[in-house]
Amino acid sequence: MEMTAIAQSLLNGLAISGIYILIALGLTLVLSIMGIVQISHGEIYMVGAYCVYYLIKSAGFSFIPALIVATLFVGCIGVFLERVFFRPFRGDPDRAMTVSISLILIIQNIVLFLAGGNPKSYSSPFTGVLFIFGIVIAWKRLIIVIVGFGLLVLLFLFIRYTKTGQAMLAISQEREGAALQGINIDFVSAVAMFLGCALAAVAAGFIGSLFSISPTMGSFALMKGIAVIILGGLGSIAGAVIGGLILGLIDGVLPAITSTYTAGLVGFAAIIIILLFRPQGIWGHE
Amino acid sequence: MLEVKGLSKFFGGLEAVSNIDMTVKAGEIFGLIGPNGAGKTTFFNLINGVIRPTRGRVIFEGQDITGKKPHSVAKKGIIRTFQANNIFPDFTVIENVSLSCHLKTGIGIFEASLHTPGSKKKEKDVLERSYEIIKHAGLESFTNTAANSLSHGHKRILGIANALAAEPKLLMLDEPLGGMNAEEVSETINLIRRLLDDGLTILLIEHNMRATMSLCDRIFVINFGKKIAEGNPAEVKENPEVIKAYLGAGQNA
Amino acid sequence: MTYLLTSLFLTVCLIFLPHFMSGPYYVHVFIITMMNIILTSSLRLISLSGQISLAHGGMMTIGAYTSALLVMRLGLSTWYAMLIAGLFVALVACLTGFPFMRLKGIYFSIVTVFFSEMVVLITQQWESLTGGSGGIYNIPAPGAIVVTGLFNIDFLSKIHFYYFALFLMIASLLILYAIEKSRIGFILKGIKQTDSLAESIGINTIGFKVLAYSTGCFFAGIVGAFYSHYISAMCPDTFGFFYTINILVYMTVGGIEVFAGPILGAFVLTILPEITRVLKEFMPFIFAAVLIAVIFFLPEGLAGLFSRLIAFIKKIIRIKNA
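Chains as they are written, first to last, in numbering that gives the first Met the number 0: chain A, 0 to 285; chain B, 0 to 252; chain C, 0 to 321.
Wrong hints could be hidden among the right ones.
Which stretches of chain A does chain C cover? Using the computed rule of at least three CB atoms under 8 Å from a CB of chain C, they are [what the hints assert, rightly or not]:
{"id": "1", "region": "90 to 99"}
{"id": "2", "region": "212 to 222"}
{"id": "3", "region": "225 to 237"}
{"id": "4", "region": "262 to 276"}
Straight-line alpha carbon distances no greater than 30 Å define the calculated BS3-like cross-link-like pairs of lysine-lysine that follow [as the list claims (entries may be wrong)]:
{"id": "5", "chain 1": "C", "residue 1": "K103", "chain 2": "B", "residue 2": "K68"}
{"id": "6", "chain 1": "B", "residue 1": "K154", "chain 2": "B", "residue 2": "K67"}
{"id": "7", "chain 1": "C", "residue 1": "K191", "chain 2": "B", "residue 2": "K67"}
{"id": "8", "chain 1": "C", "residue 1": "K103", "chain 2": "B", "residue 2": "K67"}
{"id": "9", "chain 1": "B", "residue 1": "K103", "chain 2": "B", "residue 2": "K68"}
{"id": "10", "chain 1": "B", "residue 1": "K243", "chain 2": "B", "residue 2": "K225"}
{"id": "11", "chain 1": "C", "residue 1": "K319", "chain 2": "B", "residue 2": "K103"}
{"id": "12", "chain 1": "B", "residue 1": "K123", "chain 2": "C", "residue 2": "K180"}
{"id": "13", "chain 1": "C", "residue 1": "K313", "chain 2": "B", "residue 2": "K68"}
{"id": "14", "chain 1": "B", "residue 1": "K226", "chain 2": "B", "residue 2": "K236"}
{"id": "15", "chain 1": "C", "residue 1": "K188", "chain 2": "B", "residue 2": "K168"}
{"id": "16", "chain 1": "B", "residue 1": "K226", "chain 2": "B", "residue 2": "K75"}
These are calculated hints, taken from the structure and not from any lab test.
All values derive from a computational prediction rather than experimental measurement.
Cβ atoms here follow ideal geometry from the backbone N, Cα and C, with glycine treated the same way.
Extracted from the complex, chain A is given alone in its bound form (with noise of 0.2 Å):
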């Protein structure tokens, strides 16, 4: 393969990348904060995604507003949800799981009623490329990487210096610890729930600009969500940026070797392999 179609897919691999670790860092965050898996969690980003186009087609919001209205909305229904649906099944990560499956049902119920099941979709203001030493880089790719990792700086630094991000630290290593040290766990989960969604919700309104968007859009995304926090080491969010690399690049570059089912069978099986072989993923400790 030439040089410049290897940077090529190296460049998709890492949008795609910047996507994963944003839908990942929000399952993470929900699972060593309140010690569920989040099932619903492609649910929430299918929300996200609808939100955007809605905002755009029905209220004449232009791109950027929107996102940004989408994500604090789609945060707020994270809140919402973790206090009604979560919070009274904290400690018993069972019955949490089936809630958190019942509300795959009944979100995805819920938009298809409202929204119908066709495909839609909306463009990106980011049009245009860019030419750097003969690669094409499409902006609307690369405008994901920079808000991808722009927001996994944000995260880093609102965990490393703010009485809240220390909080949702403490928890996350030593659950009944924090609670005795007097954390209000009820107030950290809730930050935790509105970050995760958020997050999901931005990586949701760039995929609605590249590809269509539908009630079903979420399935995909848990899977691959899942999948790099697994990758990369449950609960960890070092982790998820790692598993996140990996399995974007994986994603990005081997459909352009082999073909997209192929790349789609290696990360399944690597996946199933990993966890056989170390249940606790490559940056997690055992």
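Assemble chains B and C onto chain A, guided by the hints.
Relative to chain A, chains B and C alone:
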């Protein structure tokens, strides 16, 4: 009966169990003591196969059982109890023990699902045997009580009964007296004495020093995964290393 | 005894039911319901060991393709093909079960989801065998059963499939019930409660979990095979992620604790959308309401509701008598 040679387990860089040699003779009760975190439970896990040793061999009645799965080790005749999760909480006491008779039922899968006359007879035998074990353990007044609603002490005794149901040759008890009140302690010590009279070999981890000293024929002391002393209770009590280990642990705690 | 009588009564009802149905559509709904009951109950068998499998969709796909291809490529009799498909699926479950069952809880569930996704990808990719994403069509119906003078079941009408599905359902439920009441069911329940203890007293916990997994998947394979011959078409993603999620929801809504739970759940949640077709527009919200109500108020599922109702009625009778 049980022979352990150079047994070691590393977790990452940490030596949880380091180069332990030990021999347990048939019919004796052998105590394993040491401060908290000395590696006693890890040692049990290594013997019954919950985790695989990094180095060393475990030999039981002349057979090498190193690294075998817990259920195969159980089949050879080594049964252990745990500090927690010794019971099936949603089952009654009799159900607990009759499930634990699994190894001795001899009921095959097809026999069990087809309800042959032979399997019915075997089921009856199992129930009779279970009842005997419950009586032996002194739980007969709770036969049909849900295990979950037993008192803490009785739960632990049921844990021992579960282990007995699997017909051990070597019984490994992990802190059987933990969290019991004085009455329950003496009940359990009596039970252990009865088991010894029946000819069972016992390997015991226990923090209750008075009980350990009075029960055990020989005692093996470890600290930080290493052996620091071995001998009869009187010898161990006088051993300066042991005194140091326990005083040191006391100061830290 | 009540159980036996109720089951007999329901069976008789189901035998005569098609004669009162106003059209083939309702027969179809009942066939799908009976399929879902088998699937949900077989999923519960696996969950007795404490593991939630999400591989049912993948297993059904394997069963459907195996049976259809055996008939269409090798000219095998449909009856043998369906049985072989079930056994093949059980074998696949057995081989994958040993590595998978080493994982616990959510990890196992995730691996089974990925397994199902891989099945979909492979059936899409392997065009020479499976016909690729387009699927396969004109899968023949089962061969006719003719007993001269008595009956002639040629599977040209939906009613014949109805009785076939009814037979499959009753046979499956009887087998599943027998397994649960046998020593195997007892051991599985023990493993679910404390699997470290079960292992240490000599129970081969992985072996029993795999046994439950293979047996449960066997039924999924049979149902998949039945479906392919009934609908006569099959696509790689017919039984995708959401199909499995639906089965899981039927099981949870019905109640996982008792044998009748999944049956009730599958029945109510398959029939409900059909009888409320007048309210079709609001179906998502009715569905949502049912789910939320069950999650919050009925931790033991619909089956729990029934036993509570019975207890309540008994209490009222007692008060009246007193």
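Status of each hint after checking the structure:
Three residues within the 8 Å Cβ limit are the bar, and the region 90 to 99 of chain A against chain C gives 5, so the coverage statement holds. Check result for the region 212 to 222 of chain A against chain C: holds, 3 residues qualifying (beta carbon to beta carbon below 8 Å, three or more required). Counting residues of the region 225 to 237 of chain A whose CB lies closer than 8 Å to any CB of chain C gives 3, which reaches the minimum of 3, so the coverage claim holds. Note: the region 262 to 276 of chain A has 8 residues with beta-carbon separation from chain C under 8 Å; the three-residue rule is met and the coverage holds.
A threshold of 30 Å between alpha carbons decides the hint, and for K103 of chain C with K68 of chain B the separation of about 17 Å falls inside it, so the pair holds. The straight-line distance between the Cα atoms of K154 of chain B and K67 of chain B is roughly 28 Å, inside the 30 Å bound, and the hint therefore holds. Under the criterion of a C-alpha separation no larger than 30 Å, the hint pairing K191 of chain C with K67 of chain B is consistent with the structure, at around 22 Å. Under the criterion of a C-alpha separation no larger than 30 Å, the hint pairing K103 of chain C with K67 of chain B is consistent with the structure, at around 20 Å.
Under the criterion of a C-alpha separation no larger than 30 Å, the hint pairing K103 of chain B with K68 of chain B is consistent with the structure, at around 18 Å. For the hint pairing K243 of chain B with K225 of chain B, the CA-to-CA distance comes to about 14 Å; that is within 30 Å, so the pair holds. For the suggested pair K319 of chain C and K103 of chain B, the alpha carbons sit about 52 Å apart, so the restraint of at most 30 Å is broken. Distance hint between K123 of chain B and K180 of chain C is fulfilled; the C-alpha atoms sit about 15 Å from each other, no more than 30 Å.
For a cut-off of 30 Å, the pair hint linking K313 of chain C to K68 of chain B is broken: about 50 Å separates their Cα positions. As the CA atoms of K226 of chain B and K236 of chain B are separated by approximately 15 Å, the hinted pair is consistent with the 30 Å bound. Proposed proximity of K188 of chain C and K168 of chain B is supported: the alpha carbons are some 27 Å apart, at most 30 Å. With a C-alpha separation of about 26 Å, the suggested pair K226 of chain B and K75 of chain B falls inside the 30 Å cut-off, and the hint holds.
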